[in-house]
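J.: Line order of the protein sequences matches chains W and G. Residues 1 to 167 (the UniProt record's numbering) make up the first sequence, in order. Residues 1 to 111 (the UniProt record's numbering) make up the second sequence, in order.
Just so you know, these hints were derived from the structure itself, not from any lab. Remember, it's a predicted structure, so these values are computed and weren't measured experimentally. Check before you lean on any hint, since a few could be wrong.
[As the list claims (entries may be wrong)] Selected chain W positions facing chain G (Cβ under 7 Å, derived; list incomplete): (1) His4; (2) Gln6; (3) Phe12; (4) Leu15; (5) Val21; (6) Val23; (7) Ser94; (8) Val96.
Beta carbons are placed, not taken as given, at the ideal position from N, Cα and C, and that holds for glycine.
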Amino acid sequence: MSAHSQLSSHFFEDLLDSIIVDVASECHRVARLGLDRNFEEEEEELRLSAQARARVADSSNNGETNSKYVVDIFGQTHPAVANEIFECMNCGRSIVAGRCFCSSLQGRKARLKVTRSATAAQNRYTRGSPGSSYSSYSNSTGMNRLSNGASSGVAGEEYSNGSFEEL
Amino acid sequence: MRNSVNRPPTPDAVEDQEKEPTLQEIINIKMIESGEKEKLMELLRERLVECGWKDEMKALCRAYIKKKGTNNVTVDDLVHVITPKGRASIPDSIKTELLLRIRAFLASAAL
């Protein structure tokens with residue numbers, strides 16, 4: 001190793017040792033002053049929230065078999081329970097959001113649930129049969145009429161976690 | 001009268017003061033005077049924070065403090081605990097960057 005390289009390495013280690021001492025003294029000070037108590041609480045919160053996420057993910061995967069609706073730590077149901085009543089623009093019937101048995105759907109009855117991925121649903125509907133008209137839900141600004149074709153998005157907070165499915 | 005024991009002469013204190021500084025000391029002084037040492041320190045500190053090295057070292061310190069108890073740990077203990085891991089876990093890119101900067105300084109200082 002050349003003299004310059006040796007000197008460079010020496011100074012680098014010198015700088016690094018200074019930083020190591022800084023980190024050690026900072027940690028020592030924080031521990032002595034008890035400033036790390038919040039950190040322990042945050043760690044515990046992170047651990048609990050990770051556990052809760054795992055539980056919710058597991059529950060939503062087994063939602064069909066275990067129970068229809070799972071309540072998460074925020075009190076929201078999965079899938080979302082849609083209680084609002086809308087008027088179907090196809091048949092004019094008053095129906096509960098989340099269900100539309102519109103006979104104009106090419107003779108089939110479809111059951112719709114609100115989904116988070118409204119865009120995917122929109123694409124599916126626009127690619128579908130031209131004769132079909134799916135009822136979809138409006139957003140949370142309070143539109144009570146269902147619009148044909150593309151869904152305008154998630155209808156309110158209670159729909160934010162559901163899913164569009166055509167059966 | 002006994003013969004005095006042969007012993008080397010007492011070093012002259014004046015001679016120590018006139019001792020030539022080493023090359024390392026000269027470079028160190030130049031680095032400090034030019035402000036380069038502070039800049040390099042800041043650069044290294046910034047890079048180590050960005051890559052998560054500092055968080056790693058803090059986690060090691062916290063774990064050691066938790067194990068030994070807050071009142072039973074000194075700064076020296078923590079330094080001894082984290083130094084081997086700290087030196088070994090420096091990313092090569094950061095080390096290279098700093099070494100290049102130091103060498104550039106040495107070259108510019110015509111040393």
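J.: Run every hint past the structure and note whether it holds.
T.: Status of each hint after checking the structure:
{"no.": "1", "hint": "His4", "verdict": "6 Å, holds"}
{"no.": "2", "hint": "Gln6", "verdict": "10 Å, violated"}
{"no.": "3", "hint": "Phe12", "verdict": "5 Å, holds"}
{"no.": "4", "hint": "Leu15", "verdict": "5 Å, holds"}
{"no.": "5", "hint": "Val21", "verdict": "6 Å, holds"}
{"no.": "6", "hint": "Val23", "verdict": "5 Å, holds"}
{"no.": "7", "hint": "Ser94", "verdict": "57 Å, violated"}
{"no.": "8", "hint": "Val96", "verdict": "51 Å, violated"}
Hint check: violations occur at hints 2, 7, 8; the rest are consistent with the structure.
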